[in-house]
Structure formats: C-alpha cells, structure tokens
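K.L.:
Chains as they are written, first to last, in my numbering: chain D, 51 to 336; chain P, 12 to 277.
Please keep in mind that the hints were generated in silico from the structure rather than gathered at the bench. It is possible that part of the hints are untrue.
Over the 12 Å line for every Cβ pair with chain P, so calculated as not near, a few chain D residues [as the list claims (entries may be wrong)]:
hint, residue
1, H92
2, K120
3, R126
4, N131
5, F145
6, E202
7, D229
8, R234
9, N281
10, E300
11, K303
12, Q320
13, D324
14, K331
Pair ranges (Cβ atoms, derived) [unchecked claim]:
hint, chain 1, residue 1, chain 2, residue 2, range
15, D, Q325, P, V103, 44 to 54 Å
16, D, N165, P, E143, 36 to 46 Å
17, P, D239, D, I121, 39 to 49 Å
18, D, R193, P, N35, 27 to 37 Å
19, P, K32, D, F196, 46 to 56 Å
20, D, N317, P, P238, 38 to 48 Å
21, D, D273, P, L64, 10 to 20 Å
22, D, D69, P, G229, 36 to 46 Å
23, D, E238, P, E124, 27 to 37 Å
24, D, L134, P, N35, 56 to 66 Å
Fair warning: this is a prediction, and the values are worked out from it, not measured in the lab. Every residue, glycine too, gets a C-beta built ideally from N, C-alpha and C.
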Amino acid sequence: MGIHFREVSHEYASYQVGDYQAINKITLSIEDENEFICLVGHTGSGKSTLAQHMNALIFPTEGEVEINGKIITKKRDKKTNYNLLRKHVGLVFQFPEYQLFEETVEKDIMFGPLNFKISFEEAKAKAVEAIHLVGLNESYLKRNPFNLSGGEKKRVSIAGILAMDPDILVLDEPTSGLDPFGKRQLMELFKNIQKETKKTIVIITHDMDLVYEFANRVIVLNDGDLVYDGNEEDLFKKEELTKWALGLPETIKVLRRLKDQFHLDINPYQKTVDQAYEELKKVMTK
Amino acid sequence: MSKVQVEGLNFSYNQKRMILKNINLKILKGEWVAVLGHNGSGKSTLAKAIVGLLEPQEGRVYIDDLLLTDDSAYDIRKKIGIVFQNPDNQFVGVTVKDDIAFGMENLCFSREEMLQAIDFFSSKVGVESFLEKEPATLSGGQKQRVAIAGILAMKTQIIIFDEATSMLDPYAREDLMKYIKKLHEEGLTIIMITHDIEEALLADRLIVLKEGEIFLDGSREQVLSEPDKIKEANLELPISLRLANLLDEQSNKEWRDSLWEYTLEK
Chain D
51 MGIHFREVSH EYASYQVGDY QAINKITLSI EDENEFICLV GHTGSGKSTL AQHMNALIFP
111 TEGEVEINGK IITKKRDKKT NYNLLRKHVG LVFQFPEYQL FEETVEKDIM FGPLNFKISF
171 EEAKAKAVEA IHLVGLNESY LKRNPFNLSG GEKKRVSIAG ILAMDPDILV LDEPTSGLDP
231 FGKRQLMELF KNIQKETKKT IVIITHDMDL VYEFANRVIV LNDGDLVYDG NEEDLFKKEE
291 LTKWALGLPE TIKVLRRLKD QFHLDINPYQ KTVDQAYEEL KKVMTK
Chain P
12 MSKVQVEGLN FSYNQKRMIL KNINLKILKG EWVAVLGHNG SGKSTLAKAI VGLLEPQEGR
72 VYIDDLLLTD DSAYDIRKKI GIVFQNPDNQ FVGVTVKDDI AFGMENLCFS REEMLQAIDF
132 FSSKVGVESF LEKEPATLSG GQKQRVAIAG ILAMKTQIII FDEATSMLDP YAREDLMKYI
192 KKLHEEGLTI IMITHDIEEA LLADRLIVLK EGEIFLDGSR EQVLSEPDKI KEANLELPIS
252 LRLANLLDEQ SNKEWRDSLW EYTLEK
C-alpha cells in the first residue's frame, strides 16, 4: 500500500518571518517494499517537512497523504489511530543518539514496541532481532547506552525503530557526524537491512557520493518543489544540478577533469574509485 | 615562540584504557593545524586537555609558554578558546548578545568594553542583525559563528575547533571553513579537530592520531603520501588520491600529477 502524496502543501505559520510554504503541491508514491530512496535538496528545501508527513507527524495544510490506506488531510480525524501509522512508517530523526534515555540498551529498544501494546516477552525478542539487524551483538543489550561510542549509539537508536518492524524506514541524515568509515558502514548496513527484510528505506542526505553509490531512486526538492524523481544515473547528467544547489559526486568530478585535460575518450559516470580506474584502463597506453 | 606545547601527555578516563599516550606536540604562532583521527582516536580528548577542561594524569601543557595548572587556568582561558561540535551545547546566554558577553563578563571586562566588543565582533562574524534573538532560533552555522564571536571578544589568540563543522550541512560548513581561513590570515593560531580529510586539507599541517598516539605529523603533501598509514589509522584518502594511487607512477604520471593538483588546490 505504501505512501502516496497527492498535491501536498505545508505552510508554517510564523510570527518572525511570516507564513511560509515549506513544501508545495508534492505528488509522489513510495512503495512499502524494496525501495532505496535518497531525498536530497539544499538546506531549507523542505526535506524534513516532507519526511515528517510520511508518518503523520505533521498534517498537510493542503492536499492529502495516504499512508497504508489511511487518508491524512488537514483535518484531524478523531477515529483514526495515527499511532498505528507510525508503526507502519518508522522515522529516525537527525542525531537520534541524543534521544536515547533508558538505562540499558535493551530497555531503550523495547520502548517503542511496548507502546504498541505487545507483550513484554515479544518486545524482548524484537530487541534481540533488532540489535542483530544493526550489526551489534546481544552483549550490547545489557549495556548503558550513554557509555557507547557515537556510531554505536546511532545504531542502537535505529534498532529502536526497527524493533517496531515498520515496512518503511525514513532516516533524516543518519550519517552526519560519523567518520568516512562509519558513514560507509552505516550505508552498507541499510543496504543489508533492505536486502534481508525487503523494507523500503528513505534517507535524507547531503552526501552526493553516497547518493550515487547507494540509491536506486532519488527525490530532489528545491524551494519546496519536487524537481526530480528518478534514478541516480540520470540525475547527475542534469544541467539543473547547480540551480538545485547540488554538487557532483567526486568520482564524476575527477574523471571529467582528466577527460577534459587529456582529451580522453572515457565515460565519467562511474560510482566507485575501482570503477573509475577500470574506465581509465580502457584508454591507458600499454 | 610556540603557542601550544604539549609534553608527555597521558590521559585516561577510567584508569583502564589510555585514551592519550605520550603526546608531544609543538604548535607555532599563526599555524593552522588539523588533528585528524577516526571516531574514538582521542582527538577530542586532546582538545579538551589542551584547553584545560580535562586534567591529564601525566604530562604538561603550555599555552604561550604559560604552564597549564589549576592556578593558571583562568589566564589560559584568555589565550585559547574552543568551539564545540554541537552548537546547541555551548549556549549560556538568553540572547545572542548575552552569549557573546558571557566570556568577557567572567574576565571582568567593563560594560563599555563589552558593548564595544559585542558590536565589533558580532559584525565581524556576521551575526550583528540577530543580537537580540534567542540562540535557539539560529541555524547551526549561525550558532557556531556566535560561539566564535564570544571567543574572539576575549582577545583570544588561539582557537580550537572540535569537529565544529560536523553537525552543519555542506553549505554552512563551507561558509564556516571560509571564515576559519580568514581568521588564520589575520594571524590567529588555529587547531582544527576533524575526521574529514578533505576539510583537513585546508590546514598547513596535518597531525594524525591513532589509538591515542601521534601517528603522522607533517605537511599536507607528506601526510597524504602515506596511503598505507592513513588506512592503518582508519581514515580515508580523498577519492582523487585513491584513484591516483591506483595509477602507475611512470606511465600515468601526468594523470597522477593532475589528480594531486586537484586535491591540493581546494
């Protein structure tokens, strides 16, 4: 059933800067299986606002969002249990490691599932499952979350959402604050989670290298408008990239430089350093 | 004359695991040094030990030839300031103005001096139009600049940036880096703690920490020419250099040179 946006706008009322439209007549669909989507756009383009509509944390001021068959509009419907939608779509905020609060990792992970009225035993089992999914072992469950490293805390907080077993996982800049290895590991982890569980994963990010390497689909927002919804290959060939304030992945930049400087007949659209090297090999003088 | 000197520094939080091991370091006046290391390498601990927020079990820190002790900490704070990673964790003032004044108040500046300094330094970092605003209403990049204004107002000569850009988006980050460059040009001594090698390339000198020890220390070119060691320190070379390193030194020399040039010109 997934998530369907139909002409969704959201306007924030603000005394300081006046009302402003954060997103503007957005129409798009997200399947609840097998998608790996990156949501990109410069600061203030409406990415986080769009993400918060995905599990009914905020309501559209115009248009409608359909989540798992339920229609969400401007008007709050007293009969709808919005909490149940949040089980369907899990949202991980930016810097989730600052939201850990329990005394053990296990309790922290169990907090979400217990809110959905499942038994204590079941929630415990979910926590075990989730800790494995994020690449940590069971010994972490008894530890104090505040004594973990930044990367581990991040994983634990993601496990807390995974334990609710959402079909769609939305993460707001999950890799920020991590070192390059940490970033890559976390992205690999999402890829694995997606492969194993078939969940759809939506990631908000600024990192074009990661977008190019990992996404199957990219959604670009610019000043609240949806300006691109398609695959990662075509995106970086678009002339409008600068207008949208998006950079190019480093591999493309570097290969374009060599291509222009040495008049090489190569295709600069390569995702990894190894692929870039293979492409250069074709034109090397033996 | 060295601005910062560290001798035989050892530090541990719990006596079990040493976080910093025998750190010896000299940073000269006007230098821009990047301290690189993976998560958990001890780089933030080093920053805190240098400014006196943490007390080392062994070793000495001199700032401007003044030995850091409990008694001198007050004077040392006038010489060295620190901008933290999380811009939200360093605000004490109700308004931007209060916040910039906080350091000066503690150093007993006169009211006149404070007002003048607030005017001067807020416009210097470009936050003069939000002086009456609550810090919480600012963007991440603006918050970091407020923090810098507060430090500069104390007439500080050395600033440590402890992963000060890692919670900012790429645009705010670029902005802040440009600003740090300006401070450096004006003669301030800059120590930048980071795990981002691309960011570190803006500095004159790179120090790589690995498991609490100084693993590499040299110019950009020297450090970047040690790909195996960089890898050993759990860091990643920029994509351009990783590609250059795959190419043959003789037959692909021109391409390699071009990639090096690209890396260093940023």
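K.L.:
With reference to the structure, classify each hint as holding or not holding.
P.N.:
Structure-based check of each hint:
1. H92: violated (6 Å)
2. K120: Non-interface label on K120 of chain D holds, nearest chain P Cβ at 33 Å vs cutoff 12 Å.
3. R126: holds (28 Å)
4. N131: It holds; N131 of chain D is separated from chain P by about 33 Å at its closest Cβ, greater than 12 Å.
5. F145: It is violated; F145 of chain D is separated from chain P by about 7 Å at its closest Cβ, not greater than 12 Å.
6. E202: violated (10 Å)
7. D229: violated (4 Å)
8. R234: violated (8 Å)
9. N281: N281 of chain D is indeed farther than 12 Å from all Cβ atoms of chain P, at 22 Å.
10. E300: With a cut-off of 12 Å, E300 of chain D comes too close to chain P, as the shortest Cβ separation is near 4 Å.
11. K303: K303 of chain D not clear of chain P: closest Cβ-Cβ about 8 Å, inside 12 Å.
12. Q320: violated (10 Å)
13. D324: violated (8 Å)
14. K331: violated (9 Å)
15. D:Q325 x P:V103: 44 to 54 Å: holds (50 Å)
16. D:N165 x P:E143: 36 to 46 Å: holds (41 Å)
17. P:D239 x D:I121: 39 to 49 Å: Given a distance of about 58 Å, which is not inside 39 to 49 Å, the answer is violated.
18. D:R193 x P:N35: 27 to 37 Å: holds (35 Å)
19. P:K32 x D:F196: 46 to 56 Å: Given about 25 Å between the Cβ atoms, the range is violated.
20. D:N317 x P:P238: 38 to 48 Å: violated (26 Å)
21. D:D273 x P:L64: 10 to 20 Å: violated (42 Å)
22. D:D69 x P:G229: 36 to 46 Å: violated (55 Å)
23. D:E238 x P:E124: 27 to 37 Å: violated (54 Å)
24. D:L134 x P:N35: 56 to 66 Å: Once the Cβ atoms are compared, 60 Å apart, the range 56 to 66 Å for N35 of chain P and L134 of chain D holds.
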